[in-house]
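*Asks:* Take a look at the letters that make up each chain.
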Amino acid sequence: MSQDLFVVNNVWMMVSIFLVFVMHLGFATLESGLARSKNTVNILFKNSMIPAIGLITYALWGFSVMYPGSDFAGSFFGFSGFGLNMPEGGETSAYNEGYTFWTDFLFQGMFAATAATIVSGAVAERVKLTSFMVFSVLFVGICYPIVGMWKWGGGYLNELTVPFYDFAGSTIVHSVGGWGALAGIILLGSRIGKYVDGKIKPIPGHSIPLATIGVFILWLGWFGFNGGSVLSADPGAVSRVLVMTSLAAAAGAIGGCFLSMILFKSADITMVLNGILAGLVGITAGADQMGVTDSIVIGLVAGALVVLAVVLFDKLKIDDPVGALSVHLVCGIWGTLAVGLFGALAGVDQIISQLIGIGMVGAFSFAFAFVLWYVLKVTMGIRVSEKEELDGLDIHEHKMHAYPDINAPGFEMSLNEKETTVAAGSKKPVAV
Amino acid sequence: MSQDLFVVNNVWMMVSIFLVFVMHLGFATLESGLARSKNTVNILFKNSMIPAIGLITYALWGFSVMYPGSDFAGSFFGFSGFGLNMPEGGETSAYNEGYTFWTDFLFQGMFAATAATIVSGAVAERVKLTSFMVFSVLFVGICYPIVGMWKWGGGYLNELTVPFYDFAGSTIVHSVGGWGALAGIILLGSRIGKYVDGKIKPIPGHSIPLATIGVFILWLGWFGFNGGSVLSADPGAVSRVLVMTSLAAAAGAIGGCFLSMILFKSADITMVLNGILAGLVGITAGADQMGVTDSIVIGLVAGALVVLAVVLFDKLKIDDPVGALSVHLVCGIWGTLAVGLFGALAGVDQIISQLIGIGMVGAFSFAFAFVLWYVLKVTMGIRVSEKEELDGLDIHEHKMHAYPDINAPGFEMSLNEKETTVAAGSKKPVAV
Amino acid sequence: MSQDLFVVNNVWMMVSIFLVFVMHLGFATLESGLARSKNTVNILFKNSMIPAIGLITYALWGFSVMYPGSDFAGSFFGFSGFGLNMPEGGETSAYNEGYTFWTDFLFQGMFAATAATIVSGAVAERVKLTSFMVFSVLFVGICYPIVGMWKWGGGYLNELTVPFYDFAGSTIVHSVGGWGALAGIILLGSRIGKYVDGKIKPIPGHSIPLATIGVFILWLGWFGFNGGSVLSADPGAVSRVLVMTSLAAAAGAIGGCFLSMILFKSADITMVLNGILAGLVGITAGADQMGVTDSIVIGLVAGALVVLAVVLFDKLKIDDPVGALSVHLVCGIWGTLAVGLFGALAGVDQIISQLIGIGMVGAFSFAFAFVLWYVLKVTMGIRVSEKEELDGLDIHEHKMHAYPDINAPGFEMSLNEKETTVAAGSKKPVAV
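Protein chains in written order, with our numbering: chain A, 1 to 432; chain B, 433 to 864; chain C, 865 to 1296.
Simulated from the structure, these hints should not be mistaken for laboratory data. Check each hint, because a few of them may be wrong.
Claimed, not checked - Once the Cα atoms are required to be at most 25 Å apart in a straight line, the calculated DSS-like pairs of lysine-lysine come out as:
hint, chain 1, residue 1, chain 2, residue 2
1, C, K1129, A, K399
2, C, K1263, B, K631
3, A, K199, A, K265
4, A, K387, A, K377
5, B, K633, C, K1263
6, C, K1241, B, K697
7, A, K199, B, K831
8, C, K1179, A, K399
9, C, K1065, A, K399
10, A, K317, A, K387
11, C, K1251, B, K697
12, B, K749, B, K697
Using the sequences provided together with the hints, build the complete structure.
*Replies:* See the structure below:
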C-alpha cells in the first residue's frame, strides 16, 4: 500500500470520528426534546458528561480491555494494561493500513460513550443524577469494552465456525445500550402519572424542533458510524455503505410514517423520527453486505417495528420516555438477524450465529446492568423523590431552569421597573 | 490517474454528500423558525419526509431519468430503467475519475430532494399535508430529474452552441424549487390575516434562533453543494469555489443588512439571513468561473435583490412565509444571468443561452407544478379549512404541539398535584 | 512530495475550514443561549454579521497584513497590498505543500472572525449595535492580523531565541478576543441589576439547550481549529492533535463539574459547558506537543480555573454574561504557559518566551481595544439607553422579538377570531 493511500485512509477515519462525535449532540437534542422542559437541564447535563466520561475511561483502561491484542486475551476477557500506550509505529501504516494508533483510539472512544447515551434517554425524568453518573462510568468503562472484545477484539463471537456478524454495532453498541436501559427502567419504575388506573397517559416531550434536530444530526453521524466502520476509505465499500445506510433510514421514515398513520389516524412526527433511527439501527449490522432492495426492506420493517414496539412497551408498562428500547434494542436485534436473512452468508448457520451473539451479548449486558442498577438502588438510591420528580429534576438537582425566562417568568421582570409586581407574585427568582 | 487520487476524490465527494445532506436540516430549522409555533410540527414533518421521499424515488427511477446515458435519451427526455443498477466497474475509477457509482447516486439524490424542500417553506402554514406529500413525490420524482437531464444529463441545454451554464444549480435546483413554490402560492392563496383591507400585516415566525441555525447550516451545506459540484477534489478548482461561495455569502449578508437598514430603519436579522442565502444562491451558477470581485458584487446585488423582492412579493400579495421566492427564484435567476455578465465566456451569446435556460426551465417547472397543484386542488384539495389554519396545522393534522409545555400548559400541570386547577382550566391535555 | 499527497492535504484543510466555520454557529448559539430572550435577536444579528465582516475585511487587506511575506514586513508590521492576489502557482503545490492559496486564505479568514465573536458575548445585553459593528470591523481588520503576524506571519515573537510557541492560537486568537472583551466590559460597565447593593445577582441566560448545542458545535469545530493548524494531513501529527484536543475537553468537563459541585453544591451545567471550552482553549497552544497525561492535566486545570475565574470576575464586578473572559482570556493564558511547563522545550527559557508573547499580545490588544472602545464611547456612544436595556435590545435595535409567539403573545391571537380579546390586552402586536 502506498504511503499516500495511508494518509487518505486516515483522513477518512478522522472525518468519521467527527461524525460519530456529533452523534452525542444528536442524542442530547433528541432526548431533551422528547422530555419535559422541567427535566431538560438534567438530560443535557448527563449527555454532556457522557462523552467526557467515555473518552477518559476509554483512555485509562477501556481501549485496553476492548482491543487487548495478544496480552492476557482469552475468548471472553483480555487486558493489555492501563493507559494509552502507543505501540511501535503507531503513528504510521506500520500500525494499521487504515489509520494511526491515535485515530484508532479516538474512533473507538467516540463509539464507547454511545452505549451510555442510549440509556440516558430511557431512564430520563426520574433517575438520580449521581447514580446515573456512576452507572455510566462502569457501564461504559467495563461492560461495553468486554462485550465489544467478544467480536471486534477477536474474542469468542468472532471465532465461531460461521462467525457472528455485526458490521458496525447493531448488537455490540445499540442493543448493549438497549439492555442497559431495560434493566434501568425495570428497577426504576415508570414516571408518576404515566400509567394511572390502568390507562396509559401520554407525556409529550417539550420541543419537537429539538427532537427533529437530533434525528437529522444522528443520521449525519451514522455516515461516520457505519462509513468509518469500513476502517479505510476504500471507495467501493464505503460509498456502498453510505447508500445502504441512507436508503434504510429513508425507508424507516416511510415505514414509521405509514404504519402510524394507519394505526393512529394522524401524522405522528415522533414515529417518522423514530422510524429514521430504526432504519439506521437496523442496517448497522450488515450495511456492508446489503443491496438496494435489502436495505429498503430492512428499513421499512424497522420503521414498522418501532411503531409496534412503542405500543407494546407501553402495554407492558415499561416507561421509556424517548423510545430508546424500541429503536436501539428491538431494531438492534432485527438488524442483527437481518444479516442472517439477507447477508453474504445468509442461511441457517448464520442465523444461529446471530442468535448466539444476540443472546450472549444480551444476557451479559442485561445482567451486568441489572446488578449494577440494583446495587446502586440499595446503596445510593436511583430514583429522585416524588417531590423532585413532580417539580422537575432541573430545579432540584441543578438549581436552574432550562428556559429561565419562561420557566420562571418572575425573574426577568424583577430586573425591570415593575419590581412591585414581582414582589407580589408567587414565583421566585431562580439563579443559574 | 492514480488509484490513490481516485480514493481521495471519492472521499471528497462523500464529504460533499454529508454537507448537502445537512442542508435538509438547515431548511427544516430555517423554515420552521420562520413559521408560527402552531405550524411547526407540520413543517418539520414535511421536511423530515422529503429527504426520505427524495432518496427512495431517486433510487427507484429518478437517477435513471436524470442521467439516462445513451439509453432512450433524446434532448429532452431519457430513461435507463427502474431501480439502481450498478454498471460494470461502478465501484472503481472505471466508472468515473472522481467517484464510484454509489457516490454518484447519493450525491445526486441528496440534491434531488432540495427542490421540494424549497417549496415546503413557501406553501407553509396553510397547505394540506397529504396533498403536499403527493406533490413532493411527483415534483422530486418527475419534474426535477427531467429538467436536470436537460443540462447535467447531457440534454438540450448542454448542446446549445454556447452551452447554457449552471455550475451547481442556481437554475436547475433553486429556480426549479422557486417555480414550484410560485405555482403553489398562486393556487393556495395567502394566509388568513396576511393581507387585510389593503394592508400588509407582518406575520413573524416563532423562533429567530431556529432560523439563524438554519442559515448557518445551509451555508455549511453549500460548501458541499458547490464544492462537490466540481466532481473531484481538484485542489485549485474546489478551494476556489469555496472561497467564491463564502465571499458571495458574506457580501449577501452585508447587502441585505445595509439596504434593509436604509429602507426599514432597523437592523432586520431576517434580511441578513436571507441576504446570506441570496448570495449563496447567486454564486451557485458560476462559482467555478468567478473571481474575488465578481463574487463580492454578485453577493452584494443578491443581498439587495432579496430585500427588494420580499417587499415586491408582498405588494403583489404573493404570500411566501419564508421568503423562498425572493431567495431561490429571484436570486437563482440573478446568479444564472451573472454567468453571462462575469463568467468565463461573458458576453451576449452566453447571456442569450442563460436566458434560454432560465426560460425553458421556468416554463416547464412552473407549468408542471401548476398543473399538478391544480389537479390536487380539484381532487384532494390543497388547503386546510379555515378553522384548521386558525388553530394551527399541528393540532389538526398531527394531533400534537411543537412545544407542549408552552402551547398546552394545562397538560404539564395535570401531572402535578394541582390537578384540581387543571380540571377547572379551559386548556385540554394534548397527547404526543 | 507526490501530487496525490497535495490533493489529500488540501482536502483535509478544506474539511478544517468547514469545522472552523461552524464554530461561528457554535458561538452564536452559545452566546444567545446564555443571554436573555429579550436580547437574543441582537446577539444572533451580531454573530451572523461577524463572519461576513471578517471574511470581507480579511480579503480586502487582513490577509495581506497577517501574512505579508517579504513585502514591507518588519518584525512588527507588514503589508503586501490590498485585495486577494493569487501568487504564481497559488493553485498548486508550488504555493505550499499542504494547500492552495485559496485554501490558505479561507482557513485563515475563518479564524480571523473568531476574535470578534468572543467579544460579542462578553459585551452582550447592553452594547450599542452600530458601535459594536464598527469595533468588529477594526478589531478583526487591524488588531487581529497585526498580532497574528508577530507569530504566524514570521514576526518578532517567532524570531526569539526560544521562539514563543502558540500552536493554534490560545494567545493569538483566544486571548486577543479576551483582551478586547475586557476593554469593552470596563468601558461599558455592568448590566443593570447585576450588582445591586453590594450583592451579585445572577442573570441566567434564556436557553440551556441553545447553549449546550453551542458547546458541542464548538468542540466539533475545534477539531478543525487545532487539527487544521497542522497545515497538512500528516496522519501522526493530526490524529495526535485530535486526541489531545478531545482529552483536554473531556478533562475540562470533569474539572468544571467537580469543582462547581464542591463549591456550589449543585450540578451546574454551565460549568460543565464552560469546562469543556476551557479545556479546548487550554490545549490549543500546545496540542501538537502534549502527551496523554499532559492533556488531561491541562484540561482538568482549565476546567477548575474557569470556575474560579467566573467567581473572581463577579467579585471584581466585571460583568461578563457568557463567561468569555474566564474561558478565552484566563484559559488562553493558562494554555500558553502550559507549553512552557509540559511542551517539547519545557523549561525556564520557554516559559519566559511564553510570558513575553502573552504580555506583548495582551498589551497591544488591550490597548488597541481600549482606545477603540473609548473613541466610540465619546463619539457614537457604546451603551444603549436604560430603557432600551430594560426592555431588551431586540425590540429597540431590531424592532422584533426572538420568539414572537411567546414574547408578544397578543400578536398571534390577533390573527384569530378573538380580536376583541387582544384589543383589550396590554400587549401590542409586534412586526418582524
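*Asks:* Are the Cα atoms of K1251 (chain C) and K697 (chain B) separated by 25 Å or less?
*Replies:* 19 Å, holds
*Asks:* Would you check the hint for K387 (chain A) and K377 (chain A), treating anything up to 25 Å between C-alpha atoms as holding?
*Replies:* 18 Å, holds
*Asks:* Straight-line Cα separation of K1179 (chain C) and K399 (chain A) no greater than 25 Å?
*Replies:* 21 Å, holds
*Asks:* Are the Cα atoms of K749 (chain B) and K697 (chain B) separated by 25 Å or less?
*Replies:* 23 Å, holds
*Asks:* What's the verdict on K1065 (chain C) and K399 (chain A), does the C-alpha distance respect the 25 Å limit or exceed it?
*Replies:* 15 Å, holds
*Asks:* Hinted pair, alpha-carbon criterion (25 Å max): K633 (chain B), K1263 (chain C). Please report holds or violated.
*Replies:* With a Cα-Cα distance of about 15 Å, the restraint between K633 (chain B) and K1263 (chain C) holds, given a limit of 25 Å.
*Asks:* Would you mind confirming whether the straight-line C-alpha gap from K199 (chain A) to K831 (chain B) stays at or under 25 Å?
*Replies:* Cα-Cα ~19 Å, so holds.
*Asks:* When you check the alpha-carbon spacing of K1263 (chain C) and K631 (chain B), does it fall within 25 Å?
*Replies:* Measuring from Cα to Cα gives roughly 19 Å; hence the hint holds.
*Asks:* Mind checking the alpha carbons of K317 (chain A) and K387 (chain A) for me, to see if they're no more than 25 Å apart?
*Replies:* 22 Å, holds
*Asks:* Does the structure keep K1241 (chain C) and K697 (chain B) at a Cα separation of 25 Å or less?
*Replies:* Since the Cα atoms of K1241 (chain C) and K697 (chain B) sit roughly 22 Å apart, the hinted pair holds (cutoff 25 Å).
*Asks:* With a cut-off of 25 Å on the C-alpha distance, tell me whether K199 (chain A) and K265 (chain A) pass.
*Replies:* 20 Å, holds
*Asks:* Starting from K1129 (chain C), check that the Cα of K399 (chain A) is at most 25 Å away, please.
*Replies:* 9 Å, holds
Of the numbered hints stated above, none is contradicted by the structure.
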